[in-house]
Amino acid sequence: MSTLAASAAGQVIQLDYHESRDARRARLSTGVLLGLLGLLLAWLATRTSGDAGYALSSPFDAVQLPTVTLPGVPTVVASAVVALVAAAVYLTGRLHGRALAAVGTLAGLFVALGAVTWAAAGSAFPFPVSNQLTGTVALATPLVFGALCGVLCENAGVVNVSIEGQFLVAAFTAGVVGSVTGSIPVALVAAVVSAVAMAALLAVFSIKYLVDQVVLGVVLNLLASGITGFLFDQLVQPNSRDLNVAPTMPTIGIPGLLAIPLLGPVLFNQTILVYLAMVSVALVAFLLYRTRWGLRVRSVGEHPDAADTVGISVRGIRWQAVLAGGVFAGLGGAFFTIGSTGGFIKDITVGNGFIALAALIMGRWRPVRAALMAVFFGFVTQLASQLQTLETPMPTQFLLMLPYVATIVAVAGLIGRSRGPAADGVPYTK
Amino acid sequence: MSTATTAPRRPTWWQAHGRAWVVTVASFVLALLVGAILMVVSDPDVITQYAYLFTAPGLPLGASWAKVAGTYSALVVGAVGSPGALAATAGAAAPLICAGLGVGLAFRTGLFNIGAQGQAILGSIGASYVGFALHLPPVLHLIVALLGGLVAGAFWGGIVGFLKARTGAHEVIVTIMLNYVASMLLSWLLLTPAFLRPGRDDPLAPEIDATAAFPVIYQQFHVGFLVALLAAAATWWILDRSTIGFRMRAVGANPHAAGTAGMSVANTTIIAMVLSGLLCGLAGVQAALGPGADLVATPLSLGLVGSVGFDAITVALLGRSKPLGIVFAGLLFGGLHSGGLAMQSLAGTPLTLSTVLQALIVLFVAAPALVSALVPKLRPPKQTSLVGGEA
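One line per chain: the protein sequences are A and B, in this order. Every position in the first sequence, counted from 1, becomes a number in my numbering once 11 is added. Every position in the second sequence, counted from 1, becomes a number in my numbering once 113 is added.
Incorrect hints may appear among the rest.
Unchecked claim - Simulated restraints, written as ranges between beta carbons of each label pair:
1. VAL409/B / ASN250/A: 36 to 42 Å
2. VAL204/A / SER420/B: 24 to 30 Å
3. ALA370/B / ASN250/A: 43 to 49 Å
Derived from the structure by calculation, the hints contain no laboratory data. Idealized CB from N, CA, C, for every residue including glycine.
Pulled out of the complex, with its shape left as it was, chain B reads as follows:
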């Protein structure tokens, strides 16, 4: 040790980002490996070949290879193999990016928003209702429907922020419970006269006006995707360039220090949850106003938003809660979804494999220490910050 005091060196690129990238890539490879094993083990046609493992090893290994290669190549082709596939990937990614941004923004403030699902449901209710109940001129209608969804989502997120700030109720529990309240609310609303189609009594809302739908650019690639990118840019600006973003990151890093420095932790919490709910509501808007597989917006029903709220948590984790990372993570999981559909039709491997891959990727990404133990020459990080809560 030299006695001279030196200024702390700037971290090299490797120290700052390299390990994170290696861990991400390694998580991918590991997830694909586990997925391949699962595929082979669960396919009776392939597994019976293993009786010949010692007499004719070519048979089982060849069958396994054919199964795995066929599935994964169908996955890639379905995700990026054609302009149509790319459009489908972008379409599937748009809601994931929006909700991922919402969850990520809350993570950076030190809040676990498990309620993206409920906020997205509220967003889809708000946007759909404006879409079919009001009849406005083209551009205005889309904007009003968008606002309707955003306000509904922000309201649902705001409840959480308010309860957390005023009573100390833990946001994880409140958001989990509000997810169920939101889906019950939707199932009740769908049976009220305001949401029933004239002359029908099944829980399916009327179709929204064409004036309220996101215009289609190419197949499922629609204006909503551009809105999602704008939302990412706005989130980056809020988090990294604005005063309130600084406060949010400060509260996320250390609420006591932020409070001592004169910031209102309670107000920051409320604002962060409102913004988070707003972004998750935008995901519901994407589901309500974006084109479905038939290139027309899908009417509001119980499963309209799917599981976007839970997928969003994985998107935010994979994207390390940074807006740019979330965009890439959203595109990746969007590709996993659209590729999964092709995988199901071309290779006969069920779509649910994409869910398994998604969960495995995030599980490995979340435990860098495990990946480091499995990958040679990758020393474990000193500190693991899973949600990127540092200022």
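Isolated chain A (complex conformation):
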């Protein structure tokens, strides 16, 4: 015993960075990806002509900002150089941890800047930055809610493929109840109740009847599409003057913050749903990582046997998490009708539930990251429609594909392995 202590004391403890095989593979493939993007930008620089204008303010803003003009070729070349340098940093492996992540983020921003500059250069109109950001917020709001719904369900070990179905039912209910009562709060509550009911279906079939959760999600989506479609055809469409005239939410400006140039009108002149989305991200993060309930949710999703052994009711916690997820899906679903245009049309959610699922996976099942991914996907989708109006050489379908391709790349482990809770999708039986 004493010799052991002596020899241990004699050694100089050296902290060495040791990279796992997975981390190494992820680092190298990220480097290759950045290198390819850099080469692509370098090639695009040869096909860039003219200057790119960025209109920072929309004409209706209180504070008018100037239109910034960036020279086309130098900006794209600079972006290409940044991407290539970042690729070299990744490939040599000199930096680790946060420094490396910072380099990657910086390179990503420059790649985006270079791509937009290439697309906007030579166009007669400046790129409307303010529109881009406003549109991003609008598109990202339901995605953030959907991703949070997924975060709660999947951290408790219940795969939720039916976010789409929950959105759809909530959107329908909000539209119809809003039309009948003319009241936004009542419609919002009704939307939440209906989405929680859909979540209860998911819970009862997956937790009590042990139906495979992926299959169940697909069938529930079909059911939601069928029921809302049927009720729309049978009831709402023939009486659309009474049943499809939901009011839309007014925007509420937050006095002090509204005055911030550029970001003020984008972030702080929004509907209550957008503010709720921002608060919800913090709320879910707090619930999951700072409360006893959150610890139980995560334990039930990681190792239900261990949780059961210490006396946690696995099925009970899963029920609570799925129903709580339904609340957020309901808020997200309400956005499609009373949060935007008011009226309901069949399949109004057009796959947003699945993009939310993608954001959840890209965000590695964590609330804040998943919300950031949702914002990123909203940004890309808005960029696609902006570029369409600028008549750029870029086919917008490829931009719209980006969230899906990025998700495939992520689950294939090319940019860091994306691994879910261990017991995700496994029904619990004693």
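Keeping the supplied structure of chain A fixed, place chain B upon it in accordance with the hints.
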């Protein structure tokens, strides 16, 4: 308990199949009941009659009965009521059977192929392109177009198998994402010069040559339906009689045991996904080369394959992932679709009711324990194997 060891008895017919049939039939009845309730509740003309429930109960009950009976009889008449209805049912069933076989084959290998939709879209692109861009002699053209669709579908499925085998990427997520990539790809392709009609700029591909279309036998009953039956027979042979089928079922039952026994789980996964994509691609071929309502093949457009990929999952589930079961399930949902059209025109009940019925049937079939709880004298099964993944 006797001390003598006896050989395990062969399961009786009831133990082997009876419960499954009872659950299926009960699921049907329950789905029709829920559908009827939904119909009555959502019809303002009927529901207002319920004000007289206690004074004149005949009025609301009669109105409800008229509504439900009218709708369901129109559904049956539209599905099987005439030779034309039967032909329409077979025509609607053909793509469902093909894609259902694809999803079922993947289920048996333990893979959830949610990507039948994308694979069918790729299949329709491949078949259509060969159909309108090449000009070949009659029989040859059809065969080449068929192959074009099959290869495209197999490629799209193969991506999933490759990623799953090489990187461990979960096939559910990859297939869901690839569905959207496929539909974006189609919407982009439809605007490229190769797919635009000369002189037009709307996303509608040229009509395919008559030489590439599936020949019509009687109205919408066409050669493609026979191809679907052949595909079912081939799938049965592959799964139940071939070595690779044995491997696929072994991997589906227990990948660790299959690996220990010397089978390559990775290769089996790739082959299963290629075959699954091929069958789902065949569903897209059916949509591209089979006759539409006007008895001419419909040109390629964004909604050509409809929602066949998602319906296929319900077909495979109802058919318990067995080829014969999938054929029956495909015919049933095909009938639900063609009957739904008649229901809409004759009884004024929206076609979307068939979607509701389809989802409800599968939801009940998927939860035998629930059906057992609702149906008296039907004990719940000990183990529920939803996708038939057992070897």
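Checklist line | ASN250/A and ALA370/B - C-beta distance against the hinted 43 to 49 Å | finding: 59 Å, violated
Next item on the list: Return holds or violated for the Cβ distance of VAL409/B and ASN250/A against the range 36 to 42 Å.
Entry: Hint holds: Cβ distance 38 Å, inside 36 to 42 Å.
Check: Is it true that VAL204/A and SER420/B lie within 24 to 30 Å of each other by Cβ?
Finding: At 28 Å between Cβs, range holds.
The structure is inconsistent with hint 3 alone, although it conforms to all the rest.
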